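Chemist: Could you put together the complete structure from these sequences and hints?
4 protein chains.
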Amino acid sequence: MSIVLIIEEVDDMIAGIIGATGYAGVELVRLLSGHPEIKGLALASVSYEGDRIEHIYPNLLGKVSASLTKVETVIAASDVVFASLPHGVGEPYAQACMDKGIPFIDLSADFRFGDDEATFSAWYGKPYQYPGLRRQSVYGLPELNRSRIKALAASGPVIIGNPGCYPTGASLGAFPALAKGLVGPGLIIVDAASGVTGGGREPARAFHYPECADSVSPYKVGSHRHTPEIIRNYQAMLKVEQPEGPQLIFTPHLAPMNRGILSTIYLPLVDTWQAAVPRSPAPRPPAREIEEKTREIWECYTEFYQDEPFVRVLPLGSIAATSRVRQSNFCDLSVHLDQSGRTLIVASAIDNMVKGAAGQAVQNMNIISGFDETAGLTAIPASF
Amino acid sequence: MSIVLIIEEVDDMIAGIIGATGYAGVELVRLLSGHPEIKGLALASVSYEGDRIEHIYPNLLGKVSASLTKVETVIAASDVVFASLPHGVGEPYAQACMDKGIPFIDLSADFRFGDDEATFSAWYGKPYQYPGLRRQSVYGLPELNRSRIKALAASGPVIIGNPGCYPTGASLGAFPALAKGLVGPGLIIVDAASGVTGGGREPARAFHYPECADSVSPYKVGSHRHTPEIIRNYQAMLKVEQPEGPQLIFTPHLAPMNRGILSTIYLPLVDTWQAAVPRSPAPRPPAREIEEKTREIWECYTEFYQDEPFVRVLPLGSIAATSRVRQSNFCDLSVHLDQSGRTLIVASAIDNMVKGAAGQAVQNMNIISGFDETAGLTAIPASF
Amino acid sequence: MSIVLIIEEVDDMIAGIIGATGYAGVELVRLLSGHPEIKGLALASVSYEGDRIEHIYPNLLGKVSASLTKVETVIAASDVVFASLPHGVGEPYAQACMDKGIPFIDLSADFRFGDDEATFSAWYGKPYQYPGLRRQSVYGLPELNRSRIKALAASGPVIIGNPGCYPTGASLGAFPALAKGLVGPGLIIVDAASGVTGGGREPARAFHYPECADSVSPYKVGSHRHTPEIIRNYQAMLKVEQPEGPQLIFTPHLAPMNRGILSTIYLPLVDTWQAAVPRSPAPRPPAREIEEKTREIWECYTEFYQDEPFVRVLPLGSIAATSRVRQSNFCDLSVHLDQSGRTLIVASAIDNMVKGAAGQAVQNMNIISGFDETAGLTAIPASF
Amino acid sequence: MSIVLIIEEVDDMIAGIIGATGYAGVELVRLLSGHPEIKGLALASVSYEGDRIEHIYPNLLGKVSASLTKVETVIAASDVVFASLPHGVGEPYAQACMDKGIPFIDLSADFRFGDDEATFSAWYGKPYQYPGLRRQSVYGLPELNRSRIKALAASGPVIIGNPGCYPTGASLGAFPALAKGLVGPGLIIVDAASGVTGGGREPARAFHYPECADSVSPYKVGSHRHTPEIIRNYQAMLKVEQPEGPQLIFTPHLAPMNRGILSTIYLPLVDTWQAAVPRSPAPRPPAREIEEKTREIWECYTEFYQDEPFVRVLPLGSIAATSRVRQSNFCDLSVHLDQSGRTLIVASAIDNMVKGAAGQAVQNMNIISGFDETAGLTAIPASF
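Residue numbers (my numbering), protein chains in the order written: chain A, 1 to 384; chain B, 1 to 384; chain C, 1 to 384; chain D, 1 to 384.
Just so you know, these hints were derived from the structure itself, not from any lab. For clarity, every value in this text was computed on a predicted model and none was experimentally measured. Warning: the hint list may mix true and false statements.
Stretch by stretch, here's where chain C covers chain D in the computed footprint (C-beta under 8 Å, at least three residues) [as the list claims (entries may be wrong)]:
id	region
1	22-28
2	57-70
3	229-242
4	370-384
We treat Cβ as the ideally placed atom computed from N, Cα and C, and that holds for glycine.
Modeler: See the structure below:
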């Protein structure tokens, strides 16, 4: 027996969620309800105003009980506000939070491009409504921007542009190689498969069970809006300068599963990082040199992420799978080398609704609030 | 800001798991790793002795790290022991725990039948090895036996016979009707569908993906071993005496999902609880009387479970679904009346690996250890 | 080498399909396109008039090419018309076909109840529009009504009320027991699980992939519209008279698969057909008597269906599974006895879109047209 | 009414299948049972000799009835022999067929590499047993080798090396671009996802339902044995000479579906086939030039395959999906251009068990036997 004395600041912190009945919104409800620093939730929904969240999502019964109210009410009641809204809708709410002096964590694309309005409007088809807000906003990928996020938060209320789901998995899988100078000029390909929750809660033919069950298919080939976000992140990490910038092809696929994004990332290696496999017109099975060089690259990845709480570089021989990160904020990475020794292949697995959306948003809240970065995100992924 | 002073007993309680690499075993690992009162795990595995649990289940990487050792080592190191073993194997370990004076929570059928060795051996094809152990054992369905479990635990080290997965869902769905005298003589039918994890971790043709995906099929029709356990539980709760005891048919099905058991339970109502629907040879749509009587029965269910932390009687109009309890210790119940008003239909949903196995085992540990009964079991079921 | 001389009537028969873009409609397109006696299709669609069927269903590319036109055009061009429309919409088209003197095969409920308008309007909420049409209509379950269908067709143009999907599986599973006097008084329970195509092509929340994947749940408990159709069929086959008629509870479930209905049917046996298992309050494993009696009942089923081309009574020891009948017109049945020997349990598997809808409609066309009853329905179900 | 006189050669052709109880074997059983020119099947199985195929696969009941016998008996009884065996086992049977003077269609890799024994033994770890057999063998990808197959068959009994599943989809997707000079130097990437039947019928942990359901994961990254087969096919079609030959990375993934392979193929375009998109460091949405050039390439693909019965180049705007080719011998292709205009992206969908295995084997039999190439392969893919 012993005595433990704890002195803690009790903030009675209230988190507001705008768009609480969408899939990312309700995932925020789930994560924040179990968050040790959050004492209450205030929920807004345009579609279901006046209803209760546990009626719409009966899985919450007995655990969460809250009525859905107006956005204004939520902002007034909250110490931090999350918004999970369509692109181009949330800026007035961000402004209201700034006016009130509380942080605004936005899961749409509105604040992902900072002052590069040109790229945003080219891909999302609308201009910024309140361009000035970008002075207070930062792109919320902690593994890229943690110090900038902290610095900005220290200076006043901050807007977080929470990353897209695909860009999260694609960026984390490539960052060490880019940052440590492994990647040479040439094309980077990200070929990714997402679970169906990525399409949101609203029924649509593409996500109708009989249409997508038992089938795999690409979509928006060569034209998905997450492309510029991935390129921008790659550029930011790129050590070896490339006149044209990193060249990227990104191809999303729909796979018959609920959650998860598996990204297979092809990165051209600079000469010095290639395995010294003798060139030959005839294909041969992978050589011993491949194994050695793979280990070097794996060490490089392991070192890069050694202090990151949510990125797991899998042991050599293990391969990333979406099932292993289900319902967790982890990003699992496995590193592989093509048999020619010239291309690095990284498999990256995230839960699209957690590290790809709500979990990362909570991680950002933790960072800007001075909480333990893993608070509320400690769930162990289940084995099945 | 405020100061909170907490004085707590720090026991550094160690939980041992025998059979840690099976599906129920690793689910125990997951739940106990997040349990606030458990300070460490000791894991035993015959098949993987010397290996590490996080190599076999890479989803645990970074969260759980433990080598798999011998059973004896585990018992020696632990303050409570869980066993997830085939039927008829664990009795010596139970004896060892009793000798050491620590509780033994058994997920096999070995201790589910108490001193009714005849039923056990008739259905499981082997006699008790250490019959005397049943003096220290109790059937661990808290909603039936909570006070007996507590009483026995107060008197010394206890053995918990953790219930079967199907009996858990089937029992909780029928208990209020049985206990409050709603059920009259006649046949009770439990028609249930289980996810494939119910078949365990070992590959077998019946659970090979292409064999069970996109298909539903019954199995062990009229002969499943969980039948006598369900009947015994029904008998224990039955208020209206029946000379032959409750008559039961139990039909399990395999459904293409990972987790979950949905039991549809048909209970013949005594006259006084039937809806007064005029009898007629021609079928008619459900009458208003049905709605009224359903509400009465629902109130009866709601009242019965009002203090139970893990049973949710769904609001009228809502129907139990396995997805709503996924990864939680909840049992969801919805009550319905047949259009003739004479049969109560209850839909019961549990996660077969949580309330149907590992979660219930943790609940039992909480009860016998004097912990909050929900400790380690507070996860909110996800919405998808 | 040999010479084969064939004399055949070449009718250049054209089949019209109204509602061709729904799931049952396009399944008709698929089956009729491969039908040896059908030389062409005429397709009508309100929603897609002017479009082409192979644009809406690209799986048809290169196999079927047809524009979608008006109902009137289709009726004018066709020698037989199939209608897959919502209930209560198709009567004028049936009248038009009668006027033209061609058969009308209706997949809605409009003609399933014959002159029992009271039952139809009680359950479907609308009266008959053209009540007189029922003089020319017949309920199209061949295993029940083959001779009546043939007789009516011989007398002039006929309207087929094609059975519902659940009633087909439920009826075929119970018919031999009912017809041969095995079933005594008491409650019959049909507990059935359907694939998601049963919900049709229009996106809806209940059929949105993330909502129904990895989950089983009942729906319309005690109130599904197929209830009166099943009871009526049972009554028609019942040998042992029962003052109240057969008592039925029917509970449908949604299961995460594309196609298939698995019905588990519980039938109370008359004394003489019960296994002579000694009654006892204690549950025991199934006795030898069970095995013997099961074989007798199996022989009864086998004999009943010996000439039916689409009902397979599985060998003893084999259990019906929806995967085994996928894309075929088969109904698979397995017979089992409860351990008490007093209740017959039949598992019945059909493909809800084939024997449960489009395939049975083609079977009916074959019967009324004098074709081989299996024409166009000879596909072997795939093994996976 | 008319009279049709048909004179046909009745050959009473018997097809033998060695390895009939594996997944590819039983798919051959299904396809050949419905083949208009095949009058009987002779089936061999080492594991199930003496048993009946319809007991092992009850889906065949009532449609196929055959006992499983010895390989020698099958060869003696057959006019053509299919073998679906592990690699390196079937050569003696091929020799026996050559001795008897009947064709041998081999679904293993043994005859895919012709006289390039070096590549075969490097990747499959064993030498040829009867090297001389390759004089009579040909690689059976009809879209590549139809005339060679026909020519060799005309000269005597022939051995078909039936292509691998991944190489079939990957080759058909790239052939037009390679043959018509669209592809320039640089890396070709094939990123493919397969259904679980690709892993065969034997239960294994990787294909255990709870392990692979609801998850996507790559496997054998950089080292899959189908790599040299794809490269060899690309080389054979390549018009623009490349000193090192085509450079390929092939990454297979496992996806939670029963059937199907979706290959996403990235092909570097030669300058003249690139879209004239102005180069820029900033990513932009796809330009109009992309659309125009895509149409040109699509026309090129359409023309290339205009006479192929089993390759469907989808209309512009439609994207290949595995569900659309389920249970058919089709390969669906959709062509896309990266937003930079420099890389052609082709999505290719096949059913891995049909065009990827058994269906293609039947197609080869049709070619060498002088049957209509589509005989037995005319099934319309279902819409769901």
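Chemist: Go check the region 229-242 of chain D versus chain C for me, would you? Three or more residues, Cβ under 8 Å, otherwise it fails.
Modeler: Coverage by chain C is violated for the region 229-242 of chain D (0 residues, Cβ < 8 Å).
Chemist: Just to make sure I understand the rule, a stretch counts as covered if three or more of its residues have a C-beta closer than 8 Å to a C-beta of the chain. Does the region 22-28 of chain D meet that for chain C?
Modeler: holds (count 3)
Chemist: Can you confirm whether chain C covers the region 57-70 of chain D, using C-beta to C-beta distances below 8 Å and requiring at least three such residues?
Modeler: holds (count 8)
Chemist: Between the region 370-384 of chain D and chain C, are there enough contacts, at least three residues with CB-CB distance under 8 Å, for the coverage claim to hold?
Modeler: holds (count 7)
Violated hint: 3 only; the structure is consistent with all others.
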